[in-house]
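Student: Residue numbers (the numbering used here), protein chains in the order written: chain S, 85 to 455; chain V, 16 to 618.
Quick caveat, the hints were computed from the structure, so don't treat them as lab data. Be careful, since some hints might not be right.
[As the list claims (entries may be wrong)] Okay, derived cross-link-like pairs now, DSS-like style, lysine-lysine, Cα gap no bigger than 25 Å in a straight line:
{"id": "1", "chain 1": "V", "residue 1": "K29", "chain 2": "S", "residue 2": "K272"}
{"id": "2", "chain 1": "V", "residue 1": "K132", "chain 2": "S", "residue 2": "K135"}
{"id": "3", "chain 1": "V", "residue 1": "K413", "chain 2": "S", "residue 2": "K135"}
{"id": "4", "chain 1": "V", "residue 1": "K228", "chain 2": "S", "residue 2": "K294"}
{"id": "5", "chain 1": "S", "residue 1": "K135", "chain 2": "V", "residue 2": "K355"}
{"id": "6", "chain 1": "V", "residue 1": "K355", "chain 2": "V", "residue 2": "K398"}
{"id": "7", "chain 1": "V", "residue 1": "K29", "chain 2": "S", "residue 2": "K226"}
{"id": "8", "chain 1": "V", "residue 1": "K29", "chain 2": "S", "residue 2": "K159"}
{"id": "9", "chain 1": "V", "residue 1": "K29", "chain 2": "S", "residue 2": "K385"}
{"id": "10", "chain 1": "S", "residue 1": "K294", "chain 2": "V", "residue 2": "K139"}
{"id": "11", "chain 1": "V", "residue 1": "K136", "chain 2": "V", "residue 2": "K114"}
Here is how the chains run, residue by residue.
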Amino acid sequence: MSPIDRRLLIHMNWFLLGLAALLFFLGVMNLYSASGFRMEDGMSVNSFYQKQLIWGLMGFGGMLTFMLFDYRHLKTIAWPLFWVTVLLLLAVPFAGKTIYGARRWIDLGFFNFQPSELAKITILVIGARILSRDFEPLGFMKLGYVFVVGLLPAGMIILQPDLGSGLNVLLILGGMILYRGLTSKVFKTMAVAIPCLIPLGWLFMHDYQKRRVISFMNPASDPLGAGYHIIQSEIAIGSGRLWGKGFLGGTQSQLRFLPEKHTDFAIAVFGEEWGFVGAMSLLSIFCVFLYQMVVTARDAKDLFGSYLAAGVFFYFFWQILINMGMVLGLMPVVGIPLPFISYGGSATVVNFCLIGLVLNVSMRRYVFKQG
Amino acid sequence: MSSLYEAKSQQPPKTGLLLLQGLILLLFCVFALRFWFLQIHKGAYFAEQAKNNQLRQDRLYAPRGLIRDRTGKLLSLNEPAYALGLVREDCKDLEATLKTVSEWTGEDLSKLKETFKKSRKRVKPFEPLILAPNLTFKQVAMIEANALHWPGLEVVVRPRRQYLQGPLLSHVLGYVAESGEDELEADEDLAVGDFVGKQGLESVLEKRFRGVKGRRQLEVDATGRRLKERILSPPVAGEDIDLSIDLGLQELGGKLLKGKAGAVVVMNPDNGQILAFVSSPSYDNNSFTSGLSQKEWAELRDDPMHPLQNRVIQSVYPPGSVFKIAVAACGLHYNMINPKDTVYCPGYVKLGKYTFRCWRRGGHGDVNLEDALVQSCDVYFYKLGMKLGVDRISDFAKKAGFGELTGISLPHEKPGLIPTRAWKRKRFGEIWHPGENLNLAIGQGYTLTSPLQVARFLSSIINGGRLLRPQLLAGEPAEEQGRIPMTEEQLKIIRKAMIETVDGPRGTARRLRMKGVVVGGKTGTAQVVKLTDELKKMKDEDIPYKYRDHAWMASFAERDDQRYVIICMIEHGLHGGSGAGPVVKALYKYLYAEQPKDEGVGN
């Protein structure tokens with residue numbers, strides 16, 4: 085592996101890096117506000133924002149690591165990486181730690197490692213490898229093959245049970261397939277089949293998940309259960325109005341009417357304190373941020389890199405879509421964080437690593453070398 | 016350089032790129048619109064909601080199911096009790112608030128802090144955390160008067176268990192007390208400060224008694240003041256439960272055992288229902304509900320009369336002569352006795368260098384089985400014991416329910432003990448000596464039984480051999496656990512001997528005689544220690560209490576279709592007949608008295 089030369093630094097997408105840093109900064113600030121109340125508690129000081137800063141530093145290190153090597157090496161290790169991930173997922177039921185009734189974590193001593201987070205990286209590497217092998221639109225056979233590869237880790241994650249992450253893995257792969265393109269025959273078939281499969285998914289859902297869907301359809305049916313979250317987050321966001329209540333000024337979130345405000349519902353705090361103007365700004369930043377990945381996918385030197393960038397695009401796209409959709413009351417409540425804004429160790433590190441991967445692709449777009 | 020074809024193949028998919036850009040546009044449009052709708056279009060509405068009306072959830076406590084006796088008389092109900100709750104989110108200065116609570120309640124500040132710390136994670140946002148579970152009226156008044164200054168504090172009203180008869184039924188009902196760490200861990204429905212059944216039926220039937228908490232929606236303003244409330248789901252009261260206990264009979268039993276240590280069980284031999292269940296002395300189960308102090312607890316625990324001990328099922332005693340019924344039955348079962356055959360009792364039996372004495376020094380002369388039971392002749396049973404041996408006796412005793420749990424739905428029952436060769440080898444590393452068969456046959460030695468086991472056994476003698484599970488709930492169907500291996504003919508012989516024990520001129524249970532009622536009985540005097548010669552010479556009243564013999568009376572009675580089995584056991588009561596007999600007699604008198612018509616319950 086050659087050392088980083090200057091051309092690489094010049095060609096790197098600095099704009100994307102800046103946007104990621106900006107988002108992370110906004111996230112920490114928001115977290116400071118959201119956990120402010122706890123700071124006064126005197127008895128249980130939970131300095132979420134401090135921890136988040138440390139995660140960010142670790143993420144930055146991860147990002148550098150993901151930039152250093154030539155991303156095309158990932159092609160060679162794609163399959164070993166895949167099987168290691170599957171093995172780790174297999175180990176979870178035995179070696180895993182149970183938190184909130186679900187076994188998802190492996191205790192590495194200094195922190196709890198979530199194999200499902202690794203699976204999200206793995207799926208876009210293996211997806212990029214398989215999908216970039218040729219360029220014909222996908223027929224049934226190939227599509228089936230790709231999905232079997234995706235279903236193995238996804239199924240194991242769903243069984244943990246972590247429906248959110250499992251679907252996330254499938255959605256990332258699904259997005260990459262759409263990016264690649266399908267034959268019209270496959271496309272038409274799927275357009276008919278998928279809506280039919282949705283009721284089947286209902287059978288596999290846990291009771292609490294069903295409750296969430298029902299309460300989404302009708303929040304008033306369970307105003308203190310799952311519907312409570314939606315109602316409260318709508319009040320918080322809506323009451324922010326045009327200019328917001330100002331930093332640290334959110335009464336709804338400050339008074340702790342808002343549940344899980346530092347994790348999945350972080351955007352509600354933001355919306356309350358910064359109003360429509362702030363929300364639009366954040367939304368715009370996210371869109372430009374996503375667009376930088378499209379640019380990277382477009383300009384990549386090879387298809388593998390292009391698919392990697394597209395994979396990362398979908399990784400972030402689905403999270404933003406689902407999290408915002410949920411907090412804004414457009415979707416049922418599922419536990420998916422908002423990238424960089426929500427508190428979370430593993431997620432923050434993975435987010436930065438994936439940015440590193442996109443930067444890796446973008447800065448090597450002019451390097452002519454056979455991989 | 017790559018070929019033209021390869022170059023083409025390396026082009027990213029055009030439509031794919033368009034798709035990604037389209038998705039970004041879609042994302043922006045949908046969410047921008049939604050933000051606009053929430054924040055601009057409905058912004059004023061939500062701002063108003065945020066300012067004025069904040070929704071909270073609150074729980075409504077479900078009353079515990081009531082307990083009644085078989086005639087419908089209330090044994091326990093729920094009264095309102097007041098607890099001090101802290102809503103963390105409304106509380107501005109925690110330290111100062113806790114200090115105030117400490118002043119009001121007299122509770123140690125560091126202890127309050129610990130309660131807060133422990134409970135914090137178990138309390139949902141805006142739910143009151145119970146700091147003091149039992150407030151006096153004076154404290155309630157003070158807190159209500161000062162509530163304005165301490166916005167986080169509130170008085171929480173919850174139903175509290177009250178036991179109307181206090182100590183009388185403590186050993187059956189048990190008690191409730193604040194749930195401990197383990198219970199909270201194991202049971203999701205429990206919150207800090209909730210009461211749960213800890214003993215007796217309260218603990219066994221916890222799930223049925225408990226009910227389901229309700230939920231209430233509260234609208235409060237920004238300072239936490241309540242504006243409106245709406246019941247989302249009303250609390251569901253726990254199940255009411257009728258016991259098989261007859262309160263009047265129980266009261267009488269309690270009165271008769273007052274000042275004594277002992278137990279009384281009244282059982283219906285046909286269905287296993289327990290009509291009276293007295294363990295004396297007892298304790299007041301109400302004291303646990305209102306929180307027992309360390310000192311009160313220590314006093315109860317260290318009381319030499321052991322009021323916490325459930326003497327019906329937890330205390331096991333040597334059965335003494337009562338056990339002769341079982342040994343006689345065993346002899347009949349193995350065809351080792353012809354009821355007509357007589358044994359000569361000279362007042363003792365010699366075995367090797369040991370002499371085993373009959374309780375009657377002068378001997379009983381020639382006795383057959385019936386005579387032996389009626390007069391409780393030891394020699395007859397020594398000889399029978401030698402013939403049967405430990406293996407047969409212990410095997411039969413187990414089939415008769417001795418040494419085994421009765422399965423009554425109360426916790427901490429003790430099985431007692433029926434010795435076997437294997438048991439002795441394991442316990443003492445010794446072989447079974449022939450002389451021990453003699454002791455075993457008269458209910459002395461290692462044998463230990465609980466009064467309830469004796470009641471179950473005797474019921475089976477009355478009901479045709481069915482070993483029934485003792486039932487404490489009214490209407491519970493009879494549950495057969497096994498059968499003693501005897502024919503109706505053999506059972507009849509035992510019953511006749513027991514009736515003769517009451518009716519016969521030489522019977523030891525003559526006190527039980529009643530007009531118009533067939534009564535059978537068997538006395539028992541169980542040695543606590545081997546009396547020294549010195550003690551033997553003393554008059555009964557002079558023997559120190561702890562050396563006095565235990566007194567047993569096992570009995571049954573029948574008139575028309577009304578059948579009962581009553582077992583009475585008095586610790587250190589000296590003689591079965593004189594110590595336990597009067598208690599049993601008084602209970603039968605109650606049971607067979609002409610009862611007022613409106614109280615007739617059919618059985």
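Student: Hint by hint, note whether the structure agrees.
Tutor: Consistency of the hints with the structure:
Proximity of V:K29 to S:K272 is assessed by CA-CA distance (about 20 Å); at most 25 Å being required, the pair is judged to hold. Between V:K132 and S:K135 the CA atoms are separated by roughly 22 Å; this keeps the pair inside 25 Å, and the hint holds. Of the supplied pair hints, the one linking V:K413 and S:K135 is violated, its CA atoms being roughly 66 Å apart against a limit of 25 Å. Taking the CA atoms of V:K228 and S:K294, the gap is about 23 Å. The hint holds against a cut of 25 Å.
Annotation: proposed proximity of S:K135 to V:K355 is violated, straight-line Cα distance about 92 Å (limit 25 Å). Among the hinted pairs, V:K355 with V:K398 is consistent with the structure: their alpha-carbon atoms are about 15 Å apart, no more than 25 Å. The suggested pairing of V:K29 with S:K226 holds, with an alpha-carbon distance near 20 Å, which does not exceed 25 Å. A hinted pair counts as satisfied when its Cα atoms are at most 25 Å apart, and V:K29 with S:K159 qualifies at roughly 23 Å.
The suggested pairing of V:K29 with S:K385 holds, with an alpha-carbon distance near 15 Å, which does not exceed 25 Å. With a C-alpha separation of about 22 Å, the suggested pair S:K294 and V:K139 falls inside the 25 Å cut-off, and the hint holds. The hinted pair formed by V:K136 and V:K114 meets the criterion: a straight-line CA distance of about 21 Å does not exceed 25 Å.
The structure does not agree with the numbered hints 3, 5 stated previously, though it agrees with the rest.
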